[in-house]
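Visitor: In case you want the letters, here they are:
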Amino acid sequence: MPTTTIAGHQVEVNDEGFLTDPSQWDESLGAELAHMIGVDLTDKHWAIVKFLREDYAIMGETATLRRVSTQTGTAVKDLFTLFPVKPAKKMAYVSGLPKPKGCV
Amino acid sequence: MVANKLIKRLDSSQWSVTVVDKNDIHDYQPGYLFIPFGINSPDQIRRTKHPFIADGVELVMAEIDTVDPDGKVVTFTDGRTIGYDYLVIASGTTPRPDQTPGMLGEEWHKSVGEFYTFEGAVALKAAMDRFTGGRLVMHITEMPIKCPVAPLEFVFLADDYLRQRGLRDKTEIVYVTPLDGAFTKPVAARELGSALEKRGIHLESDFMIESVDQEAKVIRSYDEREVAYDQLVTIPLNMGADFVARSGLGDELNYVPVDKHTMQSTAHETIFVLGDASNLPTSKAGSVAHFSVEVFVENFVQLASGRPMTHSFDGHANCFIEAGGGKGMLLDFNYETEPLTGTFPFPKVGPMSLLKESRANHLGKLAFRWVYWNMLLPGRPIPLPAEMSMTGKTPAA
Ligand SMILES: Cc1cc2nc3c(=O)[nH]c(=O)nc-3n(C[C@H](O)[C@H](O)[C@H](O)COP(=O)(O)OP(=O)(O)OC[C@H]3O[C@@H](n4cnc5c(N)ncnc54)[C@H](O)[C@@H]3O)c2cc1C
Numbered sequence: 001m002p003t004t005t006i007a008g009h010q011v012e013v014n015d016e017g018f019l020t021d022p023s024q025w026d027e028s029l030g031a032e033l034a035h036m037i038g039v040d041l042t043d044k045h046w047a048i049v050k051f052l053r054e055d056y057a058i059m060g061e062t063a064t065l066r067r068v069s070t071q072t073g074t075a076v077k078d079l080f081t082l083f084p085v086k087p088a089k090k091m092a093y094v095s096g097l098p099k100p101k102g103c104v
Numbered sequence: 105m106v107a108n109k110l111i112k113r114l115d116s117s118q119w120s121v122t123v124v125d126k127n128d129i130h131d132y133q134p135g136y137l138f139i140p141f142g143i144n145s146p147d148q149i150r151r152t153k154h155p156f157i158a159d160g161v162e163l164v165m166a167e168i169d170t171v172d173p174d175g176k177v178v179t180f181t182d183g184r185t186i187g188y189d190y191l192v193i194a195s196g197t198t199p200r201p202d203q204t205p206g207m208l209g210e211e212w213h214k215s216v217g218e219f220y221t222f223e224g225a226v227a228l229k230a231a232m233d234r235f236t237g238g239r240l241v242m243h244i245t246e247m248p249i250k251c252p253v254a255p256l257e258f259v260f261l262a263d264d265y266l267r268q269r270g271l272r273d274k275t276e277i278v279y280v281t282p283l284d285g286a287f288t289k290p291v292a293a294r295e296l297g298s299a300l301e302k303r304g305i306h307l308e309s310d311f312m313i314e315s316v317d318q319e320a321k322v323i324r325s326y327d328e329r330e331v332a333y334d335q336l337v338t339i340p341l342n343m344g345a346d347f348v349a350r351s352g353l354g355d356e357l358n359y360v361p362v363d364k365h366t367m368q369s370t371a372h373e374t375i376f377v378l379g380d381a382s383n384l385p386t387s388k389a390g391s392v393a394h395f396s397v398e399v400f401v402e403n404f405v406q407l408a409s410g411r412p413m414t415h416s417f418d419g420h421a422n423c424f425i426e427a428g429g430g431k432g433m434l435l436d437f438n439y440e441t442e443p444l445t446g447t448f449p450f451p452k453v454g455p456m457s458l459l460k461e462s463r464a465n466h467l468g469k470l471a472f473r474w475v476y477w478n479m480l481l482p483g484r485p486i487p488l489p490a491e492m493s494m495t496g497k498t499p500a501a
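These protein sequence lines map, in sequence, to chains S and Y. Here this note's numbering is used: the first residue of the first sequence is 1, the next is one more, and so on. Here this note's numbering is used: the first residue of the second sequence is 105, the next is one more, and so on.
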């Protein structure tokens, strides 16, 4: 696993740049990760990121787009506005979580 | 299967086994795929259920309205109730076209087709018969779906079918998926992606559908892409039964969260969930249902006699993929190991090859319908191990 330094944090990432250890994440890193993919985090973004982090802690896997939408009451369309083009992957990336499994 | 196996293993002075189902029709669902191409006829894949239920098992025809997991009571839509000591939920998953705006409408089961129901498959046969060329679009709404390889098989078969009818040159086949490739697991995605390419089938990935526009004949995604079709074949959102949601037992797609090795509900220890109805992180496939039932039955016999459950399900799935042209591929995997190349079930000799097209695989798939009706449903043992084996497989690079 390559190690890299983001916003002063030494973190391990996979070949797609996703953090491999969610516990290495904190909010300042989240802000920097968002910045790297061209997203400025507003309160709305943070609410989503917070949900993803909490849900991961309980469920042990990254919430799907549908789960984020139903659990936070955010329309899928709005998730596409907040995290354009590939929201499921971008939300996971910013939250320092594994890419959601497209299931099997 | 659960009832047929358990009735033989449990002490009849202590236990009674009741099956509740809303109707007496049992379809061999893998056959739906073959209907549109006239490979299977509708009467080959539909039977009544009751002859498959073993003597001693009570069969109740009723639709479940709710389950009260604390009171251990199931209520039917006609108001009747039935109590239980242990409940097995096996209510599967169903396509829900109502969940995508514009999918249901005038053109539903016409230019907007599907093959995940009996009626849909029969209607799609008529549409394929009428098809004279243009854009044939295979579309998947959202994962997970049952039998995740079925849409790939559909385009392989369609490619073959259109070639035989001299229409392939006049047809563009497009494969639209919410995934970032042809399939989920890396080795399989690569092999299947190249199988699409070889047939000149265009892949449109990362497509999250927002709506179907039946008038303009396009599907639109949330990121504002449009894919035009002359004939759309869609896999609507798959969801577990509504009674699961009504009973507060499900996740956002009405699947019941379970322990992935015992299929026991994580919320209620008197509930087990088998087949497509649970949230097991493996394919929703008949083969998974079959392998996991074997593990469950052994565990339940232990539980019934007050012993701890010692058997553990490994997520074993085994899927035949129809590739068209009389050939088939085979996938074999579990929670830990992705589908690999190699031979199955015996090293080198196979006779079936994993992730490669071969005639033996195709024949295996067609023959399985017989095995299903005559051995699997009645609960007779079939010589396939419930646990996955690495024998004969080439490890991923
Ligand atoms: C096109 C297609 C191709 C497939 N190909 C393959 C393949 O090649 N290989 C493979 O392994 N799998 C394949 N599958 C998947 C396989 O058919 C399913 O995984 C399997 O049928 C799951 O079994 P199940 O018992 O969980 O659910 P089901 O077989 O769907 O049974 C659910 C039962 O629950 C009953 N029910 C639901 N709700 C209620 C209620 N409220 N009250 C009472 N009863 C209720 C229904 O009547 C039904 O009898 C395919 C599926 C499709 C659609």
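Keep in mind that the hints were calculated from the coordinates and are not lab data. Being a predicted model, the structure only gives us computed values, none of them experimental. Treat the hints with care, as some may be off.
What the hints assert, rightly or not - Mimicking BS3-like on lysine-lysine, the simulated pairs with C-alpha atoms at most 27 Å apart in a straight line are:
id, chain 1, residue 1, chain 2, residue 2
1, S, Lys86, S, Lys99
2, S, Lys86, Y, Lys321
3, Y, Lys214, Y, Lys176
4, Y, Lys497, S, Lys89
5, Y, Lys460, S, Lys101
6, Y, Lys126, Y, Lys112
7, S, Lys99, Y, Lys364
8, Y, Lys497, S, Lys101
Visitor: Hints first: check each against the structure and report whether it holds.
Guide: Here's how the hints hold up against the structure:
Using a Cα cut-off of 27 Å, the hinted pair Lys86 (chain S) and Lys99 (chain S) holds, with the two alpha carbons roughly 11 Å apart. For the hint pairing Lys86 (chain S) with Lys321 (chain Y), the CA-to-CA distance comes to about 25 Å; that is within 27 Å, so the pair holds. Among the hinted pairs, Lys214 (chain Y) with Lys176 (chain Y) is inconsistent with the structure: their alpha-carbon atoms are about 44 Å apart, more than 27 Å. Annotation: proposed proximity of Lys497 (chain Y) to Lys89 (chain S) is violated, straight-line Cα distance about 31 Å (limit 27 Å).
Distance restraint check for Lys460 (chain Y) and Lys101 (chain S): the Cα-Cα separation of roughly 25 Å lies within the 27 Å cut-off, and the hinted pair is therefore satisfied. A C-alpha spacing of about 24 Å is found between Lys126 (chain Y) and Lys112 (chain Y), which places the hinted pair at or below 27 Å, so the restraint holds. For the hint linking Lys99 (chain S) to Lys364 (chain Y), the alpha-carbon distance of about 20 Å falls within 27 Å, and the restraint holds. The suggested pairing of Lys497 (chain Y) with Lys101 (chain S) holds, with an alpha-carbon distance near 24 Å, which does not exceed 27 Å.
Of the numbered hints given earlier, the model fails hints 3 and 4; all others are met.
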